[in-house]
Every structure is written in C-alpha cells, then in structure tokens.
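Listed here are the chains, written in short residue letters.
Protein chains: 2
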Amino acid sequence: MKEIMGGITAPKGYRAAGVACGIKKENKKDLALLVTAKTAAAAGVYTKNIVKGHSLQLTIENMKTGLVDAVLINSGCANACVGERGYQDALEITSYCAKRLNSNPSRIVFGSTGVIGVPLNKDAIIKGIDACIEQLSENGGREAATAIMTTDTVCKETAVEFAIGGKTVRIGGMAKGSGMIHPNMATMISVITTDACISRNLLEELFRKITDKTFNRISVDGDTSVCDMAIILANGMAGNQPIEAGSQDYDIFAEALYLVCEKLSKMLARDGEGASKLIEIVVEGAGSAREAHEIAVAIAKSPLVKTAVFGEDANWGRIITAAGYSGVNFDPDKVDIYIGDILTCLSGVAQAFDEEKAREVLKKGEVKITVNLNSGNEKDRMWTCDFSYDYVRINASYRS
Amino acid sequence: MKEIMGGITAPKGYRAAGVACGIKKENKKDLALLVTAKTAAAAGVYTKNIVKGHSLQLTIENMKTGLVDAVLINSGCANACVGERGYQDALEITSYCAKRLNSNPSRIVFGSTGVIGVPLNKDAIIKGIDACIEQLSENGGREAATAIMTTDTVCKETAVEFAIGGKTVRIGGMAKGSGMIHPNMATMISVITTDACISRNLLEELFRKITDKTFNRISVDGDTSVCDMAIILANGMAGNQPIEAGSQDYDIFAEALYLVCEKLSKMLARDGEGASKLIEIVVEGAGSAREAHEIAVAIAKSPLVKTAVFGEDANWGRIITAAGYSGVNFDPDKVDIYIGDILTCLSGVAQAFDEEKAREVLKKGEVKITVNLNSGNEKDRMWTCDFSYDYVRINASYRS
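Sequences listed follow chains A and B, in order.
Numbering-wise, the first sequence is residues 1144 to 1543 according to my numbering.
Numbering-wise, the second sequence is residues 1144 to 1543 according to my numbering.
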C-alpha cells in the first residue's frame, strides 16, 4: 500500500476536466466532469437533510441502477429550493451530457453546490460540458478537484496504490467542503474512483461502512447541507478477479479505501471555514458505541470548545460540560480528560498542569482531545476544527 | 398590571446587597446576597447537564424543603469539578451565612458562576457575607444584579406591580447570563421575588410552566452550563389571601410572572456574548408542539443562520436548511419563510424580494424570523442572538 500523486484520475480508465463556465464570478472554475472509459459500478451516500437539492434528487434516482459513466458537478449554485424547474434543469443537463458521451442520462451523476434559491444557469453549464469534454484528460483530476471548490482554501485530492491478486489497483479521490456539511457554500461533496473490479452490492456495503467512520465523523458547525454526497465508482479496469466478501483481497481493498476517505475527511475538517487547526476528539471507555459517538459529537459541535482551541486556551471545563449535556448518562466522577498528552481532569476533578506546556500543545496544527469515561470498552472519534474570527467573516456575508 | 422600577427588592420584605469580595480581578462586584424578612416559599429549575456544580448540588438538596431565607450568589468561580472540597466549601459557606442571619443552612440558596475547576476562595466569601449583611438594603436589588454579572454587558432586572384581592402585589427579578447557558462564564442564573402569598406547590407548578416558555426558550450557542438555575421566592408579605389554582387571582399572578420571565429572557438573549441583535424565531403551522419546538431550536442554534443575521444577509436558504436537519419530518414544499414581514420563500420555492428592504429589516436591533410549515396548528418560538466576531473574541481566551 503506498500513497501516490493524483486524485480521481489516478486509477485506470478515468479522465477529468474542470472549467470556468460562468456561474462563479472572476472566471473561476465552476464545472467538473469525470468520465470513465468503462461503465462503473457505483454507490453513494447522501445528506440526511429532508430538504434536498434538485440535482441531488435526480442523482439519487439515477444511482438506483448502480451504473455510472460520468460525474458532473457545478459549484456556485446549489440548484435547491427553486421549484419544479430545478429538477427539470437537472434532467436537461444530464440528458445533454449523456448525449455528448454516448451514454444514458440515468448513468450521469450530477451534483450542485452553492447558494440556495437561485436557478442554475443551464446554458452556461451546457456550454461548459462541451468545454470539459474537449479538455478531458488522464491528468485532469486536479482541474476537476479545483472546479468543485467553494470557500475551500486548498484543493483536496489523494490516491493510493496496492496489489490485488498480482494486479496493481488504485483508488483516488477528491473532495470539497471547507468544513463538512454547510448549507450554502460548503456542501460536502466527494468523488472516489477505483479501477478495482468489485460488485456493486459489496462496494455499497463497504462504502457505507467506511463513510460512517470517516466523512460522517467530521463536523465544522453542525449544519447539514441539502446537497451533500459522496460517490464511489469502480470500473474494473485494473483487471483483478472480482473482490469477494471476506477474502484477503477485500481486507486490502477496504484498508485502502479507508485510508483515502480518512485522508480526505481530515483535509475537510482542517480546511473548515476559517479554521486554523484540525481537532481530533477521542472518546473512550464508553459503555456503548452510541454513547461514545454522542459525546464526541457534542464536544465537536460546541462553539465554546472550538473557540477555546482557537484561543489556545486549555479550557477543559468546556469539554466536560459538553459531554454533560450530550444526552448520555455517565458518571462525571469517573471522567479523565487529556489535551494532547496533558492530563487536565482526573476522575472528574481538576488537575494542576503546566499551562505553558498546554499552550504549546494547542499551538500545533493538530490538537487531540481525549475523554475517557472509564465505564466500558467502546470508543469513537470525530474530527473538527477551531472556530475563528474568519468563520464569522466568511459566513456573515456569503451571498454578497 | 404596570411595569415599575427595580428588581428583586421591589416586592415587600426583601433586602439585598452586592459587594466585591475578591474573587474577580479589579475589585469588581462578585458576591450578591438577597434576604427576605419572612421565610419564603420557594421553587427552582436547574440545568439538565449531568455534570453539576457543587454549589448547585447543595442548593438542589436545600430546595427540597421549599423554604428559603436568603440567596447567596458568587460570580467569577463556578465551584465545579474540584472534587469533594467543592461541596464541603458550599456547606461551610451556607452554614456561616445561616448563622449570621439566624437561619438554618438548609434555607440558604447558594449559586456560583465562573470558571470550572478552580476552588472557591472560601475566606473571601465569608468576609464578603459580612460585608453584604452590613450593606443590605431595600434598594439593593441593582447592587445584587450587578454582582452576579460575568461577561454580561448590561445589568438585568425588572419588576411589575398589580392587584390581587385589593392588595398591591409585586414581582421582581434579576438575571445574568450573557446568553443563556454557557458552561464557564455565562451560566444563566435568575432570581425572582414576590410578596404574593401562594403555596409552594402551586408556585412550583406555575414556575416550571412559565420557565419552560421563557428561560428555556433562549439559546446563545447551544451550550448548557453546569450551574444554571432559576429560583423564585414568595414571602407572602403583600397580605393577599393565598392564591388558589384556577382562580382569577391565579391568572393575574401567572400573567405577571410570565411578563417578568419573558422580559429577563429577552434581555439575556439580546446580551448574548458578542451579540448585536435579538432574534426571535417563530415556527408555526406545525403538526405538533414538539415538532415546532425542535425546528425552532435547530434554527436558533445554527451558526450559519446567526452569522448571516450578524452580516445582515437575508440568507433564508440557511433557515430552511436548519429546519431540514432538525430531525422533524415535514414537507419542504409547503414551507413559507419570512424575514421580518418580507416573504423570502413560498411553498419551498425562492421568492424575488427587495434585498435592500431585507437589509433594512436586518439592521434593526430585533429581527423576527417566521417559518410556517402549513401542516397543522401548533407553534413555538425561541429567542437567540447573532453570532459576531466578538463572540469569538470573548470565548477564545476566557480564562486568561
């Protein structure tokens, strides 16, 4: 297993492009197209928000077949809450894209991210599809990853290579978010590609399991967008024998996919809007997995914990407080809390610690907070980021 | 029913004081004492956080009798998570206070708000009690209200006067919070006094009902402190016949108490940390009261809604998004959203509106957001505030 350069076009048979079609101002890239030479088995996970963008509604329909030839994503406009025309626009756009690619509209995944309540500029996207097709390239992954960015400050892609049955297999991925799961500008979208041969059912089951431990373990501000999606395509062009459930090949593939999703997840959290640090919240010693998760989420969402980390203030009182209101019933007198490796609270009681050392720990780009409930063997972890002035600045006037 | 000057010492028989005993820096007031000439029937509501401050633990014990002679509150130190000495300190402090007032320790309510994990300066508080007793005054309500402030920028008190059975009755109150329900510095504490004669059971039932619609409908950042409490004292010194359940007197008293709690609640939300505006979130047309409440809470807690209001940006997409992830199952295609009286979304579809007019609405000190689900007759409302740079500044380095 090794990390390699590249992203969605690292595996065999994928080409991509990213262009500026005119949705965003200042000629910024805003349309990405990914095409696979052979139809891919595909699986996806989507926002749980009951309000869903029109492009995503169509994609969820299309994904029922589990077969995908291309993924088209625009940034700058969410295509959400615009009435019936929203779905109609998405249909026309995917139909055009399918026609140009000699595919079927139901094999096109379409994602939109941006402002809610503004209709898509359909003509611009149609022209953009033409431009993308002209520029499709086996080195186009980065262009596509750039075109899906909104307030992201860095382009997010990663890829790994490994062997299955003597064949070289690759998994690549890109993501955008600027923090997971914002409603307007920072819908989280991720596209993963692989040239592995694996059945759609197995892929779906595994992808669900792994996204639950990675993309679903990020929080920037607790807001869940109407357009979130993560999609995986497997086109089989690596030539391996189909991966079987329970085999060693399966384990290797699962490990590789986990690495890609984990890396993209941490990139998303670290690049949360206005973030200066990645925070990992580990909750251990819980009586149940659900309890560990609920406490980790409460801490990861707490604006007070996040502003304290921004201020490099080892304010563990806010951590135990967030655990306390998480809804989980635990014994506060058993709780230990570490900031980095510094013990700040033992059995629910404040410990004397070196504030300067704590500040050193909090100055780093990655901060780990560990809460041990000492009441069982279950654990969980979340990734989040600190809460800064820039978060407020970015979000105070997004539409302007 | 008329609003009058004053706060907790407006009703008959109450004296109060607020002094600087040395917990806070710069000689700021940090200890408040309220004494009633006749023992009061009392009721309270407390934080639901399973981590509870030691002073609050003792108060909850003491309140079981429902009889109170005095309320002592220190700011600057939460007396939480310091181990067994925390409860012991609280016991010794209330015992001293009771001795000085010829009362019983179990009749003293003790509240602490401030940093978690730091022991109380018991000697300072003991001396502070002496100083308070010397300064007790029928005009001391404001001094007490000032002494319980933490990051509050304004002192919060209010009082009303009304007649019951020919007798003049008053209700007064004070509160601190700087936004409800912060874990460290902005624990919400409120003390309400009345000279009405009412049984403890009736008082408790009514107080619970009213706090649920007022103090429990405020959110600043969703964080629930370990020391929150609201206490009401009724000393009967107005001389009215005991208020009976279901009587007209009861209705008058309930209305007056609601007004006092509502006013204090709105003061708390408006003075949320860093806040520049009070936001009222109204959810109507819901299928059930629970659903209306859950949607109102999700919107009130959304950092994206709150930063948009700070930026005076009529970004209703964030409002429908927060409703969508609230966990309530509603039909997005029926939702209408108003910002002030401006319709921004009708039946789930974006409406053209005058952005300049919307900006005018959002420039005001009070902003009302109305979400109509058009699916029933239930409604609810929450008060919150906007999310500003100052929220981050205040919370990034509280302990320093």
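Hint data in this document are derived by calculation from the structure and do not stem from the laboratory.
One or more hints might be untrue.
Identical chains share a label here; the pair holds if one copy fits it or two copies do between them.
[To be verified] Capping the alpha-carbon separation at 27 angstroms, the derived lysine-lysine pairs in DSS-like fashion look like this:
#, residue 1, residue 2
1, 1270, 1507
2, 1310, 1507
3, 1168, 1500
4, 1191, 1522
5, 1500, 1265
6, 1270, 1511
7, 1265, 1145
8, 1477, 1409
9, 1352, 1406
10, 1270, 1191
11, 1171, 1191
12, 1181, 1506
13, 1207, 1167
14, 1507, 1167
15, 1507, 1168
16, 1171, 1522
Tested hints:
Taking identical chains as interchangeable, the C-alpha atoms of residue 1270 and residue 1507 are never at most 27 angstroms apart, the minima being 45 angstroms within one chain and 44 angstroms between chains. When the C-alpha separation of residue 1310 and residue 1507 is checked against a cutoff of 27 angstroms, the pair qualifies neither within a copy, at 40 angstroms, nor between copies, at 66 angstroms. Taking the shortest Cα distances, residue 1168 and residue 1500 sit within 27 angstroms of each other only across copies (25 angstroms), while inside one copy they are farther apart (46 angstroms). Within a single copy, residue 1191 and residue 1522 get their C-alpha atoms as close as 24 angstroms, and across copies as close as 24 angstroms, so both meet the 27 angstroms cut-off.
Proximity of residue 1500 to residue 1265 under the C-alpha cut-off of 27 angstroms is found in neither arrangement, the shortest distances being 56 angstroms within a copy and 29 angstroms between copies. Taking the shortest alpha-carbon separations for residue 1270 and residue 1511, neither the intra-copy value of 47 angstroms nor the inter-copy value of 42 angstroms comes in at or below 27 angstroms. In the homo-oligomer, the alpha carbons of residue 1265 and residue 1145 never lie at most 27 angstroms apart, since the shortest distance is 41 angstroms inside one protomer and 61 angstroms across protomers. With identical chains, the CA atoms of residue 1477 and residue 1409 are never at most 27 angstroms apart, being 30 angstroms at best within one copy and 37 angstroms at best between copies.
Proximity of residue 1352 and residue 1406 under a CA criterion of 27 angstroms is satisfied intra-copy only: 16 angstroms inside one chain copy versus 49 angstroms between copies. Taking the shortest alpha-carbon separations for residue 1270 and residue 1191, neither the intra-copy value of 32 angstroms nor the inter-copy value of 57 angstroms comes in at or below 27 angstroms. Taking the closest pair of Cα atoms, residue 1171 and residue 1191 never come within 27 angstroms of each other, the shortest separation being 30 angstroms inside a single copy and 49 angstroms across copies. With identical chains, the CA atoms of residue 1181 and residue 1506 are never at most 27 angstroms apart, being 48 angstroms at best within one copy and 55 angstroms at best between copies.
Taking the shortest Cα distances, residue 1207 and residue 1167 never come within 27 angstroms of each other, neither inside one copy (31 angstroms) nor across copies (63 angstroms). For a Cα distance limit of 27 angstroms, the shortest separation of residue 1507 from residue 1167 qualifies neither inside one copy, at 35 angstroms, nor across copies, at 31 angstroms. Proximity of residue 1507 to residue 1168 under the C-alpha cut-off of 27 angstroms is found in neither arrangement, the shortest distances being 35 angstroms within a copy and 31 angstroms between copies. In the homo-oligomer, the alpha carbons of residue 1171 and residue 1522 never lie at most 27 angstroms apart, since the shortest distance is 43 angstroms inside one protomer and 44 angstroms across protomers.
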